[in-house]
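Those protein sequences? They're chains A, B, C and D, same order as listed. Take 0 as the starting number for the first sequence in numbering that gives the first Met the number 0 and just add one per residue. Take 0 as the starting number for the second sequence in numbering that gives the first Met the number 0 and just add one per residue. Take 0 as the starting number for the third sequence in numbering that gives the first Met the number 0 and just add one per residue. Take 0 as the starting number for the fourth sequence in numbering that gives the first Met the number 0 and just add one per residue.
Simulated from the structure, these hints should not be mistaken for laboratory data. Quantities reported herein were computed from a predicted structural model and do not represent experimental measurements. The C-beta atom is built at its ideal place from N, Cα and C for all residues, glycine as well. Be a bit skeptical, because a hint or two may be false.
Unchecked claim - Straight-line Cα separation of at most 25 Å, BS3-like style, residue types lysine-lysine; simulated pairs:
hint	chain 1	residue 1	chain 2	residue 2
1	A	K214	B	K148
2	C	K214	D	K198
3	B	K5	C	K314
4	A	K214	B	K5
As the list claims (entries may be wrong) - These stretches of chain D come out as covered by chain B in the derived footprint (C-beta under 8 Å, 3 or more residues):
hint	stretch
5	56-67
6	282-293
The primary structure of each chain is shown beneath.
4 protein chains.
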Amino acid sequence: MAASGKVKVGIIGSGFEADIHAASFKILPEEAEVVAVASPTHGHPEALAGKYGIQRVFHDYREMLKEKDIEMITINAPNSLHCAMTRDIALAGKHVICEKPLAMTIEEADEMIDVCKKQGVLLMYAEELLFTPKYLKAKEMADQGAFGKVYLVKQSEKHSGPHAAWFWDMDKSGGGVFMDMGCHGIAFCYWFLGRPKIKSVYCQMGTYAHADKTKGEDNSICILEFENGAVGLIEDSWAKHGGMDDTAEIYGTEGVSYADLHMGNALPTFSGPGYGYAVEKAPSTQGWTYPVFEEHWNYGLPQELRHFARCVRGKEIPRSTGEDGRLVQEVLLAGYQSAGTGRKVELPFRPKGVKKPIDLWWNPAAVR
Amino acid sequence: MAASGKVKVGIIGSGFEADIHAASFKILPEEAEVVAVASPTHGHPEALAGKYGIQRVFHDYREMLKEKDIEMITINAPNSLHCAMTRDIALAGKHVICEKPLAMTIEEADEMIDVCKKQGVLLMYAEELLFTPKYLKAKEMADQGAFGKVYLVKQSEKHSGPHAAWFWDMDKSGGGVFMDMGCHGIAFCYWFLGRPKIKSVYCQMGTYAHADKTKGEDNSICILEFENGAVGLIEDSWAKHGGMDDTAEIYGTEGVSYADLHMGNALPTFSGPGYGYAVEKAPSTQGWTYPVFEEHWNYGLPQELRHFARCVRGKEIPRSTGEDGRLVQEVLLAGYQSAGTGRKVELPFRPKGVKKPIDLWWNPAAVR
Amino acid sequence: MAASGKVKVGIIGSGFEADIHAASFKILPEEAEVVAVASPTHGHPEALAGKYGIQRVFHDYREMLKEKDIEMITINAPNSLHCAMTRDIALAGKHVICEKPLAMTIEEADEMIDVCKKQGVLLMYAEELLFTPKYLKAKEMADQGAFGKVYLVKQSEKHSGPHAAWFWDMDKSGGGVFMDMGCHGIAFCYWFLGRPKIKSVYCQMGTYAHADKTKGEDNSICILEFENGAVGLIEDSWAKHGGMDDTAEIYGTEGVSYADLHMGNALPTFSGPGYGYAVEKAPSTQGWTYPVFEEHWNYGLPQELRHFARCVRGKEIPRSTGEDGRLVQEVLLAGYQSAGTGRKVELPFRPKGVKKPIDLWWNPAAVR
Amino acid sequence: MAASGKVKVGIIGSGFEADIHAASFKILPEEAEVVAVASPTHGHPEALAGKYGIQRVFHDYREMLKEKDIEMITINAPNSLHCAMTRDIALAGKHVICEKPLAMTIEEADEMIDVCKKQGVLLMYAEELLFTPKYLKAKEMADQGAFGKVYLVKQSEKHSGPHAAWFWDMDKSGGGVFMDMGCHGIAFCYWFLGRPKIKSVYCQMGTYAHADKTKGEDNSICILEFENGAVGLIEDSWAKHGGMDDTAEIYGTEGVSYADLHMGNALPTFSGPGYGYAVEKAPSTQGWTYPVFEEHWNYGLPQELRHFARCVRGKEIPRSTGEDGRLVQEVLLAGYQSAGTGRKVELPFRPKGVKKPIDLWWNPAAVR
C-alpha cells in the first residue's frame, strides 16, 4: 500500500448509499479515488462501476479485499452485516468506513473496535452530520459563544420511508426509523455539545403509516439528558410526506439558531409540467416543490469522505470513530428499552443477550 | 340582568391579560362591552379604565360583583386565586371566564365546576388557541381529510419569561412554564384530535436560564399518548430569545402542515433607528426583527371573547369549558409527576393532597 | 334615510367582488348591513342573497336605487360601467363605493367626482391595500422612522388570470393586468409615501400567456418617480402560477421591510388527498400548497367597508377618495402611453380623446 | 509553461476580491494553485501571501508577469485598469481572468478581446453567477421545461455599499451600483435565457443614501427586452441594510421559481453576545441575523475558478468570455444613457467618445 498519493478505495454495496459514496469521491477527487466496487447481485455493481468509471467489479467483497493496492473500504450494507464485514476488512489490513448505525449490538461494536485496533487500521464511523456545512456553522457560532450556554439541541430527520427493502426487515436492520435515522440525531447532539456524558434516554415510538410492511417503528421521539444539564430532543419519521426533512435547532441561555437543510435551502418552485429531480423522497416535481441543489455537498458527504481519506494519510484525526458509533449504539438500545418500559433509561446501559435493538421495545422484560 | 343587548362585562385584574381582554372586546364590540374593572393596586385599574373608557373602577372585586347589571366576569389573576374568585362570582350569579390554567389542583377544578353548575352560570375556560385563525385553518384541513389519519400533533410556545412577577413565585403560580404555557399545548392537541382520551403523559423539564429568579422550570418537553394512537409533543420555554414563538405542526399518514404565528406571519424587517413595537418579548426593535400585526386578532382573542358573550346570550355553546380546564389540570399534574419520576404517567391520575402541581416534580414520592 | 343606526347597503353585482363585499359586511356587522343586491342575470343575485341572507333582490340596479332606506351602494361591475352607475347612484342621493379602477378615462373620473360633489354624497374609492393589516404595520413602522427616508417602495400582485370573463374584453376593462391590479400598486406607493406628487411613469408590458384569450397585457412592470425623490416599482401579472401573490417591500436609508400576504402568512402544507380551499387561484389543494386563513380580514376588506360606513355616519373621513382614484387613473393612462413609446411620461398627463387606456399602448401616437 | 499538472496562478490585487480568489483556489485545489500575488501597497500582498501560503510577492504586477511558470493571471483591480492589465498579461503570454465589469468602454472591451485573440491566450470573464449552485439548479429546471416558456427573469443584488474606496470614485469605477452589480444581473438574465439578442434597455437610477461619498448611483432598476420576447428585471442597491442580498426569480408560462442566496440559505439566528461572522455587509452579529455558510461555495467561486483552470488545460470551453463581458458593457452603457434620457435604448448601442459609462447618465446629450 502507498503511503502517499490518492487513497485507493473499495466500496461494498451498489445501492443508494454506495452511489452517494462514489459520487462524493468524484466531487472532491484530491485525496482519494474509488477503484473497486463489490456487491452480490449481478448487474448492480457493474452499473455503479459504469456510472462512475470504477474499474474493478466484484460479486464477493472478500475477493475485493485481496486487492493489494486498496487501502480503504466503505461499508454500505444492511446493519446486520457490518460487524462481520469490518472484521474481514480489518483482517485484510485495510481501513474501514462503516455506514451508520455501527452495528446491531454493543458486543458487535466492541468487537469491531477491537479488531481494528488490533490490526492497526482505522475504524471510521460515517456520521455525515458532523460535516454538514449548515450544521458546522451552527456549531461554530455556538463555540464562539453566540447562544450563551446551550441547554437544548434538537435534530430531526423525516421522510416517507427507507431506500432499500431490507430496512423493513427487523432481522436485517435491527430496528425502524429510530435505528435508521435516530442514530444521526444522537451523534449530532452529542458532538454539538462537546461530547458530554449522556445520563439518560427516553423514547416514544409507534408504527403509524407502514404497519402493512414492517413491524419496525416508523416514528420516534427521543429525549437525551446530558451530564452538563443540556437536553437533546430527536425526532425521526418514515411517515412524513412531501420530501425529506433534516433540521436542527439550538437553544441557549442567550440565543437561538434554526438550521433547515431542505425547505430552508431550497428554491420554492411551482411547475406545471414537472422537471428532473426535487429532493430525496419528493413524491412529485409538479405543483409546488422545494428542489435542493448540490445535495451531497450540503450534507457534507464529499467533505466527510475526503476527511477520512486524509485520516488514512495521517493528515487529520478521525472526527467520528468506532467509539462514537458504539455510544450511539448504546443510546439506541436504551431508547428501545425506554419505549418498551415507559421509563427513562440511565446510562451506562449494557443489556445482555440482545439480538437486535428493537427486541427491547417489543419485549423489554427480556433484558438481563 | 338583561336577556338581550350587549353583555355587560367586568374584568378582574389590570395587568397584561386584563389589558388584552379590554382591547379584545373593543375590536369586536357587537356582542359585549366592558363596564367595570377591579384590581387591588391603586392606580392600576384606573389606568386601564382610562385607556379603554371603562366607567366603573373597583379595588375589591367583591364590590364589583354587587353591580346588578354585570353579567359576565373575566378572571386575570394569579392561578392560586382562580378557585376562590370563581366561587364568589358564581355565588353572585354571574358567568365566569377564567384565564388559563384553570386552577392549582383537580380538587379546585372540581369545586369550580360544581359551584358554577349549582348556580346556573357558565364556567368558560379561556383557551384562545381554539380560536386562533391559523390553527383553525389547520384543523379545518385536518377535518377535511387533508392529512389522512393524524398521528402526531406538535404545539410549542416559547419566549424569554413571564409577564408578571407572580409567575416566578411557585406558591402563586403552582409551576413554571409547563403550567403557564404547557396548558395551551395540552388543550390544543386534545381539541385538534377531536378530544380522544389521553392515555399517558411524559415530561422532561429543567431550570436553565432563570434559576436566580425562580425554582420553577423554564423549559419543558411533554409527550402525550392518546387512546386513538396519536401522539402530542408539546414544548414550552421561558428561556428562548428573540421574541415570542407560537407554532403548531400536524403530521398525518397522508400529509403535513406547519403553522407559525410569529416568524411565519411577520414582516422580516431591518431597522437602524428602531420603531414602536415588534412582538411580545422582542428584546429590541433595532436590527432584524419580526414585527407582527393585529396580534390579538391573530391569536383569536377578540373572537374568543365574542364567542363567550354569545354563549351567555344562548347563541352558541361554549367551545372551551371548565371540564376542558380540569382535564388540562390533570395532565399538568401528571406531567410534573412524570418529570419527577422519569416515567410516563397513565391517566386517570388523581393524586391526593397536592398543594401545587410543581410539588410533584420536586418531591414525586409525596403523592398518595 | 337614517342618520344613525347601521348603514343600509345595496350591492351592485353578484360575482367575485360582490361576494367579498357581502361577506365582509358580515364579518364586522357593527356599522352596516347589506339589505339589497342588484345584478341583471336571473339567478345570480338570488344566489348571493340566499348565501348571505340579503332580503331584497333586483335585476336592474336602477330599481334598487329607488329604495328609500338604502344609503350606500357598492359598485362591482365592469370598469366601463362605473361612471354611469356612479352618476345614477349620486342622482338617487346615495353614497358610492366604487371598486377599482375608478373609471376608463380621466374625463369619466372628473364627472364622477363632480356629480357626487354636486349631490352631496360621498365617492369612496375601494382601494383595500390602504386597510391591509400587514401593510398598515409597514406604514406604521415607516412613519415611526424605522427605515429612515424611504427611497423605494415595491408592490406586486400576481396570479394566473382574472375572475370574470369581462376582464379579457378590452372594451369592458379598458386594459389588462396593469389596469386590473397595477391600480393597487399605484395607490399603495402613493399612499405609503404620504401622497407626494408623481413626477413620471414608465411601463413595460406584454402578453405572454393569454394571447389566445385577450389582447390585453398579462404582465406589467411600472416605475414611478415621485417629487420627493422616492421611486415606486410595481409588478403585476396574470401569468403567474401556483396561487395569488400580493407583496410589498419598503427600502429606506436606514432599514428595509418585506410584507408578503400569501406565502408569508400561510401554513406550508402537504396533502395527498387535498382539502377544501388553499388560496385565490391555487390550481390544486394536493401536494404542497400555501393555504391562507381569514383571507378577507388579511386584505383588510371588512375593515375597509366598516370604515366607509363610518364615513357615511360622519365618524371618519374617507381614507381613499374619488380624487385618489382619478390620480391612479392618470398614472394608468401614462403607463400605457409609456409602454407604447418606450419613454417615461411626465405628469400631469391629460391626453384628449382617449376611449380606453390600453389604446395608448396599442397606438401611442393617437394621443393629442 | 506546463501543459499538464496544476495551473500556476498569479493574482493581481490584495483586497476583498483577491482574497476570495485565493480562498477559492484552496477549496478546490485539484486543478490550480496560486503561486504569486502582486499589489502595490507594501504589506498588503504580503498579508494575503501569508494567509494563504502564497510563495511569491510582487509590488508591480509587471514583475509578476515575468515569472515563466505562471500561466494564468486573475485581475482584481479598479475597473479603469482592467484593459491595460489585460494587454500586459496577454503580451506576456498568460491567460486572463478579469473580474467584472470587463472594462470602462466598449472600445476597451474590443481591445482586450483582440489582444488576447492575437496572443493566443484565453480572456475569461469572471461572472460567478453562471456557477452559483442555486442558480444552476434554477436553470437546470428551466431547461427541463419546468416553467414552460420563461417570459421574465429577475435578478437582484443589494447591500449597504462597496468593499473598496475606489468604487466611490467614478473615474476609477466608471459608474455606481449599476456598474458594480448590475453587470451580474445583465449577464445572468442573458445566460439564463440562452443568450438571445437583447433588444432594448431601460434604467432608472438615483443616489439616495451615499450622496455624501459619491456622485455614482446607489440604486438602480433595469429592464431588458430580449428578442425572444422575454424580459429581464434587474435591481441593484448600495443602500440596502441588514446584510447582502442576492436573489433571482424565474417566471414562465407554466411555473415559477424563487432563488435566494442569503436569507433563503441562512440559519435564522438570534444572539445576545454576537459571534464571528454572519454575512457580507451584515452590520452586526447581535440580535437576529441570517448567517450564511460556505459563502464562496454557494456563490460558485471555487467552481468558477476550477472551470477556468480546466479551460486553460483544454478540458472545458470557457462558459463566460470576453465577448460576454463586452455585451454586458454595451448594456451598461445603454442603461446609463437610458437613465439620462428617460427612454429605452435599442441595441446595438455604440456611443462614441465615452470616457466612463456614468457620463451617459450625467450628460446624455454628449453621445455622438
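Handout entry: Numbers of unmet hints, in rising order
Key = Result: hints 4 and 5 break, sorted rising.
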